[in-house]
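Starting from the structure of chain A, add chain B where the hints point.
Protein chains: 2
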Amino acid sequence: MRIGFIGLGVMGRPMAGHLIAAGHELALHRVKEASRALVEAGGTEAESARAAAEGAEAVILMLPDTPDVEEVLFGADGVAQGIGPGALVIDMSSISPVATKAFAARIEGQGALWLDAPVSGGEAGARNAALTIMCGGSEEAFAKARPLLEVMGKRITHVGPAGDGQTAKVCNQVIVGLTIEAVAEALTLARAAGADPARVREALLGGFADSTILKVHGERMIAETFDPGFRIRLHRKDMSLAVEAARALDLALPNAAAVQQLMNAAVARGDGDLDHSALIRTLAALSGR
Amino acid sequence: MRIGFIGLGVMGRPMAGHLIAAGHELALHRVKEASRALVEAGGTEAESARAAAEGAEAVILMLPDTPDVEEVLFGADGVAQGIGPGALVIDMSSISPVATKAFAARIEGQGALWLDAPVSGGEAGARNAALTIMCGGSEEAFAKARPLLEVMGKRITHVGPAGDGQTAKVCNQVIVGLTIEAVAEALTLARAAGADPARVREALLGGFADSTILKVHGERMIAETFDPGFRIRLHRKDMSLAVEAARALDLALPNAAAVQQLMNAAVARGDGDLDHSALIRTLAALSGR
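For the record, the sequence lines run as chains A and B.
The numbering of the first sequence is the working numbering, which starts it at 1 and goes up by one.
The numbering of the second sequence is the working numbering, which starts it at 1 and goes up by one.
Extracted from the complex, chain A is given alone in its bound form:
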């Protein structure tokens, strides 16, 4: 299949690589030094988002944030100017669910198909083609995108109509962020009370407090190994998406807001590029520990 691919960062590069390896013809926009290998592997360079979309059956975006997606879709020489009727836009970026619904309506309004398909699993998931992918869009869009998504991911769920993939991703990041903070509060309390946090964590594994976060991030907190993983700086962006969605929907999410603030503090303290489990450092520092 001829595919336009825009967004060749840490995540996008291995994802595009898997598609090329699977035999697809990729038109790559914004090829830089780090993504040169994709051209050598068979990809072609497109001088604009519009050029990447022209003649493509699908255009895949993997961009940092909402304004980037809006610019690439609807800016000068954007995807919307190049995409043909019946072609498919798959936005795999993690961006605003509210903005996504508006983007989908505009793309569908000109006769193309839309799927929002944000991922979780990070750089390792992208490299190993093991991403979890949460999809929002029509049945038709999902069915058409699925074979491409299966080249990049493992757990692929069609959540609902356009925007629901981004909603699920934001919900995922809210739960992950708040559970990390919960484990950090508990282990900080354990240490302050004079108990061994490692023994407390062991006592809790297997009970109602058990979670992937207690297993994985709890261990990082105790060992104080904070190499990312997933950077606090990036998780902070996702918490901001939750807080902005809550404002747009007139919804109070008190602990999502509190965790966003702690992440602001973590970045201020110079921990923005540590793994999100390092939030325990900010929590401890709050009480001078």
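Check each hint, because a few of them may be wrong.
Treat identical chains as interchangeable: a pair holds within one or across any two.
Taking lysine to any residue and the SDA-like style, the derived pairs with C-alpha atoms no more than 20 angstroms apart in a straight line are [unchecked claim]:
hint: 1; residue 1: Lys101; residue 2: Glu244
hint: 2; residue 1: Lys32; residue 2: Pro85
hint: 3; residue 1: Lys154; residue 2: Glu202
hint: 4; residue 1: Lys215; residue 2: Leu205
Everything labelled a hint here was simulated from the structure, so no lab data went into it.
Here is chain B on its own, set in the frame of chain A:
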């Protein structure tokens, strides 16, 4: 073994029943109508906590809160007046870790042994002898208590010295409470954004957001089945233990405090006797939903 047992509530009754069935001689204090069957099964009545402790190798407490434990231990005709040297006090109540350390010092000061051994697993865990038990005390106290604890529970961990069992229990309740709130925020956001919360939950299972709470309590939230389970009223007591411990230790636990407040609101709204997963109702009501 001759055992004094004080606290024959919903949890204490089946726990005492397992000990009698295992062949122990139980001296029961405060036998009421609901616990009459324990006397018929072979237990004897003790007219005071002191009388239950006299001649006993171990005294087990399963009481509602810190002041109850203090009164039964050190009040008029209390356990401290009856317990012999070398005998063991096992406090299986969920109470203050800070107060527990003081109680342990007083009991050990008169030549007896101390173990705090709070449980999780609720009424079902007590009935099925499947409680998780978190222990604080000396190696000697833990070794002596272990055969008794194995009659009542399955996962039994010696966390550390006296008080550490209660600290682990409070940490457990902090993580459980905050994770329930996290899942409630995510599912409320999903619904408000127009997505199907059940589909969002399915998309998240198996990823980093996965937890026993997302599986069990997330399902209750979606089905709106809030029969306890574990009552918000009781979990609120445990959150208060966390907040009080944080104050005693000069430690800021922002989200534990926020969840305690939401539980105050839940009780105020008449939801105190619903399962703690019903916290999602309070969160939704906060935004008039």
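Mind listing which of the numbered hints don't hold for this structure, in increasing order? Of the numbered hints, just 2 does not hold.
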